[in-house]
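Novice: Using the sequences plus the hints, can you model the full thing?
Protein chains: 4
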Amino acid sequence: MPPRQRRLRGTRDSATAQAVILDAAIREFAAKGLAGARVDAIARAARVAKGLVFHHYGSKQALWVAALEHIYATLRSGQDAAAIEALGPVEGIRELARSTFRLFRDHPEIVALMNEENLHRASNVRASPRIRALYNPLFAGMQRLLDAGRRAGLFRDDVDVTALYIALSGLGYFYCANRWTLSAVFAGDLFREDRIATYESLIADMVVAHLQHGVKPRRPRRSARGTRSIAL
Amino acid sequence: MPPRQRRLRGTRDSATAQAVILDAAIREFAAKGLAGARVDAIARAARVAKGLVFHHYGSKQALWVAALEHIYATLRSGQDAAAIEALGPVEGIRELARSTFRLFRDHPEIVALMNEENLHRASNVRASPRIRALYNPLFAGMQRLLDAGRRAGLFRDDVDVTALYIALSGLGYFYCANRWTLSAVFAGDLFREDRIATYESLIADMVVAHLQHGVKPRRPRRSARGTRSIAL
Amino acid sequence: MPPRQRRLRGTRDSATAQAVILDAAIREFAAKGLAGARVDAIARAARVAKGLVFHHYGSKQALWVAALEHIYATLRSGQDAAAIEALGPVEGIRELARSTFRLFRDHPEIVALMNEENLHRASNVRASPRIRALYNPLFAGMQRLLDAGRRAGLFRDDVDVTALYIALSGLGYFYCANRWTLSAVFAGDLFREDRIATYESLIADMVVAHLQHGVKPRRPRRSARGTRSIAL
Amino acid sequence: MPPRQRRLRGTRDSATAQAVILDAAIREFAAKGLAGARVDAIARAARVAKGLVFHHYGSKQALWVAALEHIYATLRSGQDAAAIEALGPVEGIRELARSTFRLFRDHPEIVALMNEENLHRASNVRASPRIRALYNPLFAGMQRLLDAGRRAGLFRDDVDVTALYIALSGLGYFYCANRWTLSAVFAGDLFREDRIATYESLIADMVVAHLQHGVKPRRPRRSARGTRSIAL
DNA sequence: GATGAATGAGGCTTCATTCAT
DNA sequence: AATGAATGAAGCCTCATTCAT
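From first to last, the protein sequence lines stand for chains A, W, B and P.
Quick note on my numbering: the first sequence kicks off at -3 and runs consecutively.
Quick note on my numbering: the second sequence kicks off at -3 and runs consecutively.
Quick note on my numbering: the third sequence kicks off at -3 and runs consecutively.
Quick note on my numbering: the fourth sequence kicks off at -3 and runs consecutively.
In case anyone wonders, no lab produced these hints; they're calculated from the structure.
Any given hint could be a false lead.
[Stated by the list, open to error] Listed below are several chain A residues computed to face chain W (Cβ distance under 7 angstroms; list not exhaustive):
# : residue
1 : F50
2 : H51
3 : R117
4 : R122
5 : A180
6 : F187
In this text, a Cβ means the ideal position worked out from N, Cα and C, and glycines have one as well.
Specialist: Structure below.
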């Protein structure tokens, strides 16, 4: 009788096994939370003996940390600071807002794990310098965009990067994090294509509207770079 | 010798006991999530025998639903549709944004339980008509405010109530939901008084900026911000 | 179908349950050691759900400590200081030696647990003042016996109580502790009645022979009490 | 970069590897017992892959037997029958008592493994003719010493070799086996140099006092203690 | 109504052992 | 000979729930 399930047995490829386990773990953690996740389920999903999970990761908690670091890396790699900066102030910020929304939408595990981690008061994030370091380039890039926008007379000059980042993220985050309760309350699927598209541009509009609010357009009004349309 | 710890024993006030249990449960659920919460801990916090929890609520799951209904009631009672409507379009929306933020801030259990409930794809919310009904008055009120704003030439006319509610909530939600991870990443306490105040007005500004974006002020133009005039 | 095994179910007698569990635990610990013992086996032997063991004792380790304290109490209650003192120097010491041997013989769990506890460098005994306190009356009694023996010119005067206690115990202990290996090596059962009796008197003789070694008998030579035979 | 830790890898000296493993095993078994010992820990201590332990010894149980045989060999080699016999009855017995004590003192692993083996009712010792055979020369030598002592009128004639061996061993064994519990109860270190020395001579005295007890000195009576005279 | 002893299913983790390399 | 990934059978312990009182 052939084995019912292809196991790793014989693979002896520790890197692959670890990746498979981590992937399964992220899925399980995202679906059930840390406390609700079952190592058993992770092992089964990874087609691996339960013991192997511990062989490679040591404990459920350590696996959780690995999952956290992974999703933070995903998050950050989806917010490409350089690419955004290249678009110029207005389009750059718009794109950042949209891509952040897109990230939360396409990677619900990011939202789920971040929520859970906040339950634990970020004890793991705080302990991981790797995660914290990921944010620096993004914030630096945002700051340069804001400065450029101000110099070009496009943006107001009383906006704090941190607050802006939080607002911009929150707009996308809530939509995804509360997908199910919102859908229940509104009796409709929030993730229908058209709704998502509408909301995506709303986010971008709202952030930029705020940045431009009360700014007197200057006459020749030329932003250094990134001017796409006169409308902006 | 009097009992060292006052228990409910003998008070025969089952309503009080139930309230105490529910209160303890909300705290525990907020701190640990549904899966992470322990009935034992709830009973201990309520100074009640574990069996009594089951006596009154039947199961952990049922207790969860009760907690959920409770926090939704809190949420809704904090967003007073009538009071908001009375403020007129601009101030009404501003106040809604601020009070929603305030709710999430002062009631972290709301955020925590909503997150957890979304893990379960809102199965309990969907099953609770009571919760869903809570939203109707608010949305109706918002819709009337938006209409009034449009008629007064203050607001653009392409804004969907649902989307607006989500955006407005998200701005406050994220700040609270991710309090700990954000504080870790920014290496500072997000909940310092001044930061909160700044962010609170940012939220209000951003929402209104969006609603007014691209709107041509009509002749007798009255500044929108803070005018509590009858016209609005 | 009647229940296969009588459980405690319905007993609701916590004290009894705890005693039954402790008894089973001592047996299991004595047979397998701390590491080799199975909580499962203890619960089964006690006809109790495994969870109840933890309900009452908290952990295997705590159960071990309880077992230790129990066997030490047994040990000490088997070495009745008062009764021994009443026998007078020679017979008292003889009886102490014999009864100590008897204790080890009839309570192999004492020997087994003491051995195991020494593996752990007595960490639990050290932490239990209750156990340590048990020894005081015995040593005080022994000291008084030795003093009396010296005053009566029966015992040499250079013998330390502690050393004497250790020697006296060791004579009986080894016989029991190594029952099986010794029996294997000598190809005979060490616990045959006659062998035991022979060895029991050997122990008593040896200890007293030592105490009397080199002592010049005085003429009137009357021990205060307990003089059984002229030979002594 | 050279390997951080020198492994046996590549030495192809399987004999060395086996010896290193056995040594580590004895240490681990002595510290934790059979059930408490971890093959993992043994391999780590031996700086060897876990698989190699099984490669060479087959199973934990087999490794235990090897360890057992090793410590029995050590024990026996420390009780040199020929050397003891050469000392004559009194000094020979004294020396046997002292050297046995010394063995237990310097090789706590002997005591620990013997205890553990008795937990298992000596099943491994019984199965190992090698171990049992080790005792024969010693007993034969003791018997000859006793006989000589009797013929010389030094020893009583009702003493059984087996019982004597047990008593003599027990005196030293208990002191070492219960080192930790005794130290805890007496609140002092049993292994302080002076205490050990005192006890060592106590053991020798006690055994000889017993052998000489009630023996009428013949005419040319020579004191037994410490006389290394030819007559003995 | 209220208690807490008791249960049993199942969770995380350990560990001796096997096996491909 | 030697390695270390991989396994699976327990092992300790937790926890929601039941039940006698």
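Novice: All hints are to be evaluated individually against the structure, with a verdict given for each.
Specialist: Checked hints:
1. F50: violated, 20 angstroms
2. H51: For A/H51, the interface hint is violated, since the closest Cβ of chain W sits about 25 angstroms away, which is over 7 angstroms.
3. R117: It holds, given that the least Cβ distance between A/R117 and chain W is near 5 angstroms, below 7 angstroms.
4. R122: holds, 4 angstroms
5. A180: It holds, given that the least Cβ distance between A/A180 and chain W is near 4 angstroms, below 7 angstroms.
6. F187: Since the shortest Cβ distance to chain W is 12 angstroms, the answer is violated.
In terms of the numbered hints stated before, the structure departs from hints 1, 2 and 6, listed from lowest to highest.
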